[in-house]
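Novice: Using the sequences and the hints given, assemble the complete structure.
Chains as they are written, first to last, in our numbering: chain L, 1 to 207; chain B, 1 to 903.
Heads up, a few of these hints could be off.
Among the chain L residues that face chain B by a calculated CB cut under 7 Å, a handful are [what the hints assert, rightly or not]:
{"id": "1", "residue": "T13"}
{"id": "2", "residue": "T15"}
{"id": "3", "residue": "Y109"}
{"id": "4", "residue": "I164"}
{"id": "5", "residue": "L183"}
Derived, one-sided and incomplete: chain B residues facing chain L with beta-carbon distance under 10 Å [to be verified]:
{"id": "6", "residue": "V32"}
{"id": "7", "residue": "A63"}
{"id": "8", "residue": "D191"}
{"id": "9", "residue": "V196"}
{"id": "10", "residue": "R803"}
{"id": "11", "residue": "H804"}
{"id": "12", "residue": "P850"}
In case anyone wonders, no lab produced these hints; they're calculated from the structure. The beta-carbon is built from N, C-alpha and C at its ideal position, and this holds for glycine as well.
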Amino acid sequence: MVIDLRRCVGCQTCTIACKQEHALPAATVWRFVADGEVGEYPDVRRVFLPMQCMHCAEPPCVPVCPTGASRQRGDGIVWIEYGACIGCGYCAVACPYHARHLIGEAAGYFGVPTPAEAATARPERHGVMTKCTFCKERVDEGRARGLVPGQDPAATPVCAVACIARAITFGDLDDPESGVSRLIVEREAVPLMAECGTSPAVYYIVG
Amino acid sequence: MATERVPVYCYQCVAGPDLLKVVVKDGVAVGVEPNTDLAHEHPAGGTVCVRAYGLVQKLYNPARVRTPMRRTNPRKGRHQDPAWQPISWDAALGLLAERLNAIRATGLLDAAGYPRLAVTLGAGGIAPAYLGTFAAFLSAWGPVDQGIGSGQGVKCYHSEHLYGEFWHRAFTVAADIPRCDFVLSFGYNGDASGGVTGVFRHAEARARGLRWVQLEPHLSVTGAGAAEWVPIRPKTDFAVLLALLHVILIERDWRQACDVPFLERMTSAPYLVGPGGYFLRDPTSGTPMVWDRDRQRTVPFDDPRCVRPALDGAGIAAGVEIGGDGARRSVSERVRPAFAHLIDHVRPYTPEWAAGIADVPAETIRRLARDYLDHARLGATIEIDGVSYPHRPVAVLLGKTVTNGWGGYECCWARTVLAALVGALEVPGGILGTTVRLNRPAQNRLDSVRPGPDGFMEQPLNPTGRDTWHATPHIRNAYRTLVPLADHSPWSAALGPAHLPWLFREDPPEHWPAPTTPDVWIIYRTNPAISNWETGRIERELERFPFIAAFAYTPDETNWYADLLLPEATDLESLQLYRIGGTKYIEQYWEVTGWALRQPVTAPPADTRDLTDVATELARRTGLLEGYLAALNRGVGTTVPLVGPGYDLAFGPGDTPDAAEVWDRVCRAATRSLSGGEVEHDLGWFKAHGAFFVPFAPSQYFLHATMAASRLRYELPYQERLKRIGEELGARLHERSITWWDAQLEEYQALPAWKDFPGIWRRSAAVRGRRVEEFPFWLLTSRSMQYSWGANVSLPILADVARHVQGHFGVMLNRGAARRLGIADGDPIEIESPTGTTRGRAILREGVRPDVVVVLQQFGHWATPFARDLDMPNLNQVACLDLALTDATGSGADLVPVQVRRL
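Specialist: Structural data, given as structure tokens:
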């Protein structure tokens, strides 16, 4: 994934689209746009920085998992087998991006679940660690139908589909001809906190 | 599991409508997604913004009003429980009809001449997209006061609306961003307010290298994406704009810097101005004169042999000046072109002078002027739809508080003159109008261009002549009497001084009809107890309203005072077909135009009723069915007549159509009218497909070709007509001994001069017995994309995501200023103005001027579920209703001198 910070306006449309797609409970987000500042008045810039799981090639969250619930697929997507997770939080401590979140016995926004909340409830996630999945079910289903992730909306993570500024591009980093690979080269996109040695799969276009 | 995707539109802000699908599983709406089926038609690929994703929660919100309710506690007050009693729709509409029929039996106007029925529709241009056919009911009713404001009119881009439409059919002004290279934005916050199309266009432009400079007191969402932030003092924008004009016209050789052919042919710059300040005119025809440099004599401006009219110089010439009320004055003396007056006018306004007022360095102003000129590309052309246009890729944009209240006229004038100087007005790359509201037809700006006086466009104005002025206000905000530019269109009531009905109740003006309260006030999607200035005063007034019928989604601070709550079917529960595409509103430049449908996506979870069915039933119960159907047949509220070439879908006498029947006919008429009769789609087709489009050529974005073909000119830079109007309006008011509008009359200047605009607000402290020095900060508001216009403050999911955008749920202030006051991040603070206090948590930022504090939107709720727990301050609690803070268009601005302290 490549995120163009020149385009992002911090609107949180990706945040809410993700919450809806994954039926996340109140106060839980798998991604959000941080609203920060660099510099001091009057020489200051306001910066919007989308944050999420970086789906690192060397994910520190995976080896620390005592049950093996934290896993990495062959295509690089880092995910959690909820049935094996005990919610201990080691992975959350290990993640330098604070991208993992424990979902408790999640109530709805109003105490009593709304019909929509009841219809989309995910009890298997209660008491376990959760995080951005790169919408792997959506990507997989789309791919199974012959769609191309990153090109066809139905096979692309919802954050990228929903983004109103087209700041988020999804694709195959292993394919040097893919849109994301070309963007990384042409726009000199960089990962966040590369010094951690995690080899993130999310890159940012800064300037 | 059965999954459907139901197409609807979202018009929760005036930057739409946008297109979405609602995902419905086994009859339950579970989500929202972009309508990518229409990605090619929608400029932003069918996406919708963060607010649309709250619609499912809005549908199922357990806190909503679930059935009609009547008040059983006759006493009204914030601390009086209304004691709501659930009743049936039949009983509720019976109660309302009884009140309405009592009015019809008594008389539609009260003793003061005001309508006994008042209706307030909130959120500016949004209500019509959700109002069904209610407008047809109001049309059938007769006189209705739609000018009791909720803040939305007088706080919006008020001066831009009125003057923009006057100058270039620009009720709203946008830059032609896709073809623009340089933007000077004075507080324009389009990345929060411009909708998905605006955000998308800005993002595309930034990615290709557009340079955006943001001048504003705090670093907004839009400022974040700018190449440069210039922290200007509040309400001093006109000073910098004047200095920019000074640099271009005085410090540079204007003959080289400006688009001289544009000024000569497309503006009034060459018109000669006499010593009285009015155009020098031919004594016989009354035509304005110019100086022909080739023939060295005066000629009518439209003399085809005059190819080189003078823009500067002076000479003796003869003619007449025509002032207010037709007063003629023979002239045979020294006259100069309007452009020469402009040059002299801006001469004192040096960058050094502006720097002292605006806290913007003189060198910055000079650099910005240089950048503006460098990017203007004089002489460049671009091809649009096979036609060559001038290409002037520079724009000056203005934001809220700059475009309204004192100084709004001046800033709008300067911005538009800056465009005219380089020919960047209504051409590719420059500034454009997006929609028209006062002129007709409303669907295409180009078709609204008609020849008017003196080579300018015709513009409908409220008359100011001795025999034509409307001396007696016909509604309580008196826009026809006090605001000539507001015209008398269906939108005008919202464009007048809509806070005057509240202000005048406690402070009645002299020689004016007695302020009265309407017998029945119907409100929809509006909450003046939160959104109007001086909220405490509004609440006191609300206690006096004898009968308020409120269409109500949840309990709120205004319907707390209501007598009847009517839970209308909301966004995803009701039917409506709405126009979409073209250039309407903010940055909506589409290559198609057409119609989109909003439809129920599932069974309503509460006992709601479609507003179309409410309107039909009210018409029946008040004996107005015939007039209501006639209005529907004319297209009132739907904007498409049911009878047209080759089709007759009109309702007949005695019909009582339900919402589906009404909108089915509208669907068929709309497609017929748009396709020249070739296509007819019914409601069923729209339910499946969502929208119908026909092409809309990009050449229709630009007024230039139409103006040139009609040999018309922009009424710039010299405002002779406004000067005359102001003189006449003053005469009319003074003839009736009305002097309380005198300060407003001073706005009618041919060439606007700097005034101490910040001082107008500062002085409000002294009037109230306080010292100006007590209030060293400016309290300002800023836009939240998450909350603006959406009537969604009761949705916790919006708060859940909005908390990530700084400024929500607190007060932003400069970190250094806070340190000096002993305020730490998160501290509770109190903000005090001369008239009130409001409280919130401190959010310390570097991107705020040290003399400014900022709150987002308008919160301060105490009755609305969920929102009342947000603990958000509200500028309106400390802003005062004050005639002295009201400009000539009737607007004010969201800024208040305040003091700040830690609690």
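Novice: Take the hints in turn and mark each one as holding or not.
Specialist: Structure-based check of all given hints:
no. : hint : in the structure
1   : T13  : holds (4 Å)
2   : T15  : holds (5 Å)
3   : Y109 : holds (4 Å)
4   : I164 : holds (4 Å)
5   : L183 : violated (11 Å)
6   : V32  : holds (7 Å)
7   : A63  : holds (7 Å)
8   : D191 : holds (4 Å)
9   : V196 : holds (4 Å)
10  : R803 : holds (9 Å)
11  : H804 : holds (5 Å)
12  : P850 : holds (7 Å)
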